[in-house]
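Undergrad: For reference, the chains in residue letters:
Number of protein chains: 2
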Amino acid sequence: MLEEIRQQPEALARTLASEMKRIEKFKALMDRRKPRMVVLAARGTSDNAAQFGRYLIEITTGIPVSLAAPSVQTVYGAKLNYKDALVVAISQSGESTDINVVLEQARKAGAVTVGITNEAGSAMAKLAEHVFLVRAGREKSVAATKTYSGQLMMFYLLAWALGAKLRMEDLENIPALAQTALSLEMEVTALAERYRFMNHAVVVGRGLNYANAFEFALKMMETSYVIAERFSAADFLHGPIAIVEPDFPAFLFAPSGPTWKSMEEMLLRLRGLKAETVAITDRRNPGVAKLATRVISIPERIPELFTAIPYIIPAQLFAAALAAEKGLDPDKPRTLAKITRTL
Amino acid sequence: MLEEIRQQPEALARTLASEMKRIEKFKALMDRRKPRMVVLAARGTSDNAAQFGRYLIEITTGIPVSLAAPSVQTVYGAKLNYKDALVVAISQSGESTDINVVLEQARKAGAVTVGITNEAGSAMAKLAEHVFLVRAGREKSVAATKTYSGQLMMFYLLAWALGAKLRMEDLENIPALAQTALSLEMEVTALAERYRFMNHAVVVGRGLNYANAFEFALKMMETSYVIAERFSAADFLHGPIAIVEPDFPAFLFAPSGPTWKSMEEMLLRLRGLKAETVAITDRRNPGVAKLATRVISIPERIPELFTAIPYIIPAQLFAAALAAEKGLDPDKPRTLAKITRTL
Numbered sequence: 002m003l004e005e006i007r008q009q010p011e012a013l014a015r016t017l018a019s020e021m022k023r024i025e026k027f028k029a030l031m032d033r034r035k036p037r038m039v040v041l042a043a044r045g046t047s048d049n050a051a052q053f054g055r056y057l058i059e060i061t062t063g064i065p066v067s068l069a070a071p072s073v074q075t076v077y078g079a080k081l082n083y084k085d086a087l088v089v090a091i092s093q094s095g096e097s098t099d100i101n102v103v104l105e106q107a108r109k110a111g112a113v114t115v116g117i118t119n120e121a122g123s124a125m126a127k128l129a130e131h132v133f134l135v136r137a138g139r140e141k142s143v144a145a146t147k148t149y150s151g152q153l154m155m156f157y158l159l160a161w162a163l164g165a166k167l168r169m170e171d172l173e174n175i176p177a178l179a180q181t182a183l184s185l186e187m188e189v190t191a192l193a194e195r196y197r198f199m200n201h202a203v204v205v206g207r208g209l210n211y212a213n214a215f216e217f218a219l220k221m222m223e224t225s226y227v228i229a230e231r232f233s234a235a236d237f238l239h240g241p242i243a244i245v246e247p248d249f250p251a252f253l254f255a256p257s258g259p260t261w262k263s264m265e266e267m268l269l270r271l272r273g274l275k276a277e278t279v280a281i282t283d284r285r286n287p288g289v290a291k292l293a294t295r296v297i298s299i300p301e302r303i304p305e306l307f308t309a310i311p312y313i314i315p316a317q318l319f320a321a322a323l324a325a326e327k328g329l330d331p332d333k334p335r336t337l338a339k340i341t342r343t344l
Numbered sequence: 002m003l004e005e006i007r008q009q010p011e012a013l014a015r016t017l018a019s020e021m022k023r024i025e026k027f028k029a030l031m032d033r034r035k036p037r038m039v040v041l042a043a044r045g046t047s048d049n050a051a052q053f054g055r056y057l058i059e060i061t062t063g064i065p066v067s068l069a070a071p072s073v074q075t076v077y078g079a080k081l082n083y084k085d086a087l088v089v090a091i092s093q094s095g096e097s098t099d100i101n102v103v104l105e106q107a108r109k110a111g112a113v114t115v116g117i118t119n120e121a122g123s124a125m126a127k128l129a130e131h132v133f134l135v136r137a138g139r140e141k142s143v144a145a146t147k148t149y150s151g152q153l154m155m156f157y158l159l160a161w162a163l164g165a166k167l168r169m170e171d172l173e174n175i176p177a178l179a180q181t182a183l184s185l186e187m188e189v190t191a192l193a194e195r196y197r198f199m200n201h202a203v204v205v206g207r208g209l210n211y212a213n214a215f216e217f218a219l220k221m222m223e224t225s226y227v228i229a230e231r232f233s234a235a236d237f238l239h240g241p242i243a244i245v246e247p248d249f250p251a252f253l254f255a256p257s258g259p260t261w262k263s264m265e266e267m268l269l270r271l272r273g274l275k276a277e278t279v280a281i282t283d284r285r286n287p288g289v290a291k292l293a294t295r296v297i298s299i300p301e302r303i304p305e306l307f308t309a310i311p312y313i314i315p316a317q318l319f320a321a322a323l324a325a326e327k328g329l330d331p332d333k334p335r336t337l338a339k340i341t342r343t344l
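Line by line, the protein sequences are chains A and B.
This note's numbering applies: residue 2 is where the first sequence begins, and numbers increase by one.
This note's numbering applies: residue 2 is where the second sequence begins, and numbers increase by one.
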């Protein structure tokens with residue numbers, strides 16, 4: 002897992018370089034045939050990446066996005082009216098049975114279909130009309146890391162193809178931001194020791210970092226068996242915050258920019274409840290230091306729009322280090338296999 | 002809370018009777034102007050009801066549904082292209098600031114807008130073009146119960162207006178099913194004692210009962226401070242199941258019908274992990290008894306399409322009884338107020 006976490010800058014640069022041509026062609030198609038809605042279908046870590054795609058596409062293009070509920074089609078056999086829709090399936094292995102059913106039916110229903118996968122020879126790569134490959138290299142660890150950040154990168158490209166005003170040099174800078182985030186490895190490893198006996202936690206994110214809250218929680222569940230809840234700052238206030246007692250551990254993604262006001266309020270509220278807070282942030286948001294019990298700050302100034310990839314890296318490092326502190330092997334979580342097939 | 006739980010059959014019958022005329026008119030409009038997509042916007046318990054609406058509308062009408070991410074508009078200021086969309090906002094109080102912003106912008110963007118609320122005089126009732134009232138009577142408990150089931154009822158009516166083939170006599174039978182579910186009060190109260198010292202749990206549901214998994218977990222978090230995770234059976238297998246140790250408490254919604262195969266597999270898997278399982282089911286699915294540690298069975302045969310309302314009732318009763326066992330007041334959860342305002 003650690004090795005694959007460290008490969009991310011290189012994998013991201015490779016994905017960007019190799020998929021650019023294909024995306025340019027796809028953009029030309031989208032310019033002619035703009036979708037009325039985008040549907041994203043995925044499970045597990047890929048579904049967390051889809052959650053990021055949902056915010057990114059809506060924020061930067063104004064096209065409404067729906068995260069598919071595959072069981073509507075696979076369990077209930079409903080036929081959905083996906084005319085004028087762009088249906089995007091995301092799967093590391095490309096072998097998620099239910100996601101491939103959604104893709105197949107969408108294609109039959111006349112939707113433009115896209116598959117985002119790490120495996121060029123997979124069932125998904127054969128089923129989708131347009132295939133974009135996450136060039137992360139074979140992922141051996143059960144806990145996905147480099148394919149997640151690769152999928153996030155693909156969503157920047159997809160948003161760009163759908164009309165988002167993103168500058169290529171900003172995307173090309175993401176691998177360097179990932180490298181800077183990796184420089185925190187020793188610091189994060191040392192911090193993880195403090196949480197040796199933590200058995201539950203909550204992770205809070207908002208907007209473009211909401212997906213990271215899901216992904217960080219999933220990594221802690223998979224590798225360290227921590228019962229990790231995940232919420233947006235707004236949803237957390239609508240009820241679940243009642244579970245917070247003194248010393249309750251809360252992890253927060255706290256970039257500067259549009260979501261900061263809401264995350265700042267959350268940090269103040271959690272301080273009032275005497276919770277233990279760990280905030281992931283960057284040099285652009287020094288104010289966090291006063292509010293959180295512990296701060297993980299990436300030594301770089303990062304615009305909020307590009308925080309998602311660098312911010313997940315200290316979280317991945319933390320999950321791997323926490324598993325090690327707990328004497329667990331993060332590459333072989335109990336009861337899990339690399340490919341999960343569900344219908 | 003208990004009092005309001007018991008009012009549900011009456012409240013449901015009242016909602017159905019009083020809103021029928023308005024829904025018939027709305028159906029005539031929808032027949033002429035069929036939406037290409039439905040967007041549901043809500044927070045907290047109302048968002049759980051929206052989750053049900055999402056499955057119900059997609060399954061019974063084939064119209065794609067998106068659950069809105071309000072922050073896209075309220076925090077990032079994006080303008081979404083909601084042309085040809087039906088935008089439905091759901092709020093008990095009708096005073097959720099961010100949900101009302103979504104409603105207002107959708108109306109400006111040319112969408113047909115609907116507000117579902119318990120309060121005829123609320124801001125939401127003024128903002129929405131079409132208003133449907135949940136006639137639950139004033140809800141005093143912070144933990145919403147009767148407004149949740151009332152919102153589910155409204156979604157049956159909304160699906161019907163959008164073309165779902167639902168028979169009115171089946172909807173008219175729902176209050177009686179709710180009454181039968183209430184007959185379990187003593188049994189469920191006795192069962193709750195066993196969980197006096199439970200401090201974490203997972204709730205699993207699928208399809209039309211996925212929303213109930215969210216709602217049951219929320220009720221346990223709000224009233225009993227149990228750290229309650231919630232998953233669909235498929236998502237749970239994609240990673241989070243690693244948290245399950247022997248004796249880990251899992252609550253499952255297990256009706257007969259399309260989702261049973263998947264829930265049966267889940268029960269078998271959890272038995273293999275020596276988890277403690279509590280299944281909510283009905284007389285139509287006697288097979289559950291062999292597989293779960295404890296079974297709560299509604300003494301009636303219920304078609305899966307109509308299980309959502311009766312099935313949440315034993316869950317509400319359980320949450321209220323568990324709070325009492327733990328010496329807590331479910332009407333006054335710590336740190337919560339009845340109306341939560343977020344942006």
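Wrong hints could be hidden among the right ones.
Each pair may be met inside one copy or between any two copies, as identical chains are not told apart.
[As the list claims (entries may be wrong)] Below 30 Å or equal to it, Euclidean Cα-Cα: the simulated DSBU-like pairs (lysine-lysine) are: (1) Lys-26 - Lys-262; (2) Lys-109 - Lys-262; (3) Lys-166 - Lys-84; (4) Lys-35 - Lys-141; (5) Lys-28 - Lys-141; (6) Lys-26 - Lys-333; (7) Lys-84 - Lys-291; (8) Lys-28 - Lys-275; (9) Lys-35 - Lys-327; (10) Lys-339 - Lys-275; (11) Lys-22 - Lys-262; (12) Lys-275 - Lys-22; (13) Lys-275 - Lys-26; (14) Lys-80 - Lys-35.
These are calculated hints, taken from the structure and not from any lab test.
Bear in mind the structure is a predicted one, so any value in this text is a computation, not a measurement.
Undergrad: Give a verdict on every hint.
TA: These are the hints, each one checked on the structure:
With identical chains, the CA atoms of Lys-26 and Lys-262 are never at most 30 Å apart, being 39 Å at best within one copy and 43 Å at best between copies. For the identical chains of this complex, Lys-109 and Lys-262 are inter-copy neighbours only, at 27 Å across copies versus 45 Å inside a copy, given an alpha-carbon limit of 30 Å. In this homomeric assembly, Lys-166 and Lys-84 come within 30 Å of each other (Cα to Cα) both inside a single copy, at 26 Å, and across copies, at 22 Å. For the identical chains of this complex, Lys-35 and Lys-141 are neighbours neither inside a copy (37 Å) nor across copies (48 Å), given an alpha-carbon limit of 30 Å.
Neither within a single protomer nor between protomers do Lys-28 and Lys-141 lie at most 30 Å apart by alpha-carbon distance, with minima of 33 Å and 53 Å respectively. Neither within a single protomer nor between protomers do Lys-26 and Lys-333 lie at most 30 Å apart by alpha-carbon distance, with minima of 40 Å and 58 Å respectively. Neither within a single protomer nor between protomers do Lys-84 and Lys-291 lie at most 30 Å apart by alpha-carbon distance, with minima of 51 Å and 45 Å respectively. Taking the shortest alpha-carbon separations for Lys-28 and Lys-275, neither the intra-copy value of 50 Å nor the inter-copy value of 51 Å comes in at or below 30 Å.
For the homomeric pair Lys-35 and Lys-327, neither the shortest alpha-carbon distance inside one copy (50 Å) nor that between copies (56 Å) is at most 30 Å. In this homomeric assembly, Lys-339 and Lys-275 come within 30 Å of each other (Cα to Cα) only across copies, at 23 Å, whereas the closest approach inside a single copy is 39 Å. Taking the closest pair of Cα atoms, Lys-22 and Lys-262 never come within 30 Å of each other, the shortest separation being 39 Å inside a single copy and 44 Å across copies. Proximity of Lys-275 to Lys-22 under the C-alpha cut-off of 30 Å is found in neither arrangement, the shortest distances being 52 Å within a copy and 52 Å between copies.
In this assembly of identical chains, Lys-275 and Lys-26 lie within 30 Å of each other by CA distance neither inside one copy nor across copies; the values are 53 Å within and 53 Å between. When the C-alpha separation of Lys-80 and Lys-35 is checked against a cutoff of 30 Å, the pair qualifies both within a copy, at 22 Å, and between copies, at 16 Å.
Figure legend: structure checked against the earlier numbered hints; hints not met, in rising order: 1, 4, 5, 6, 7, 8, 9, 11, 12 and 13.
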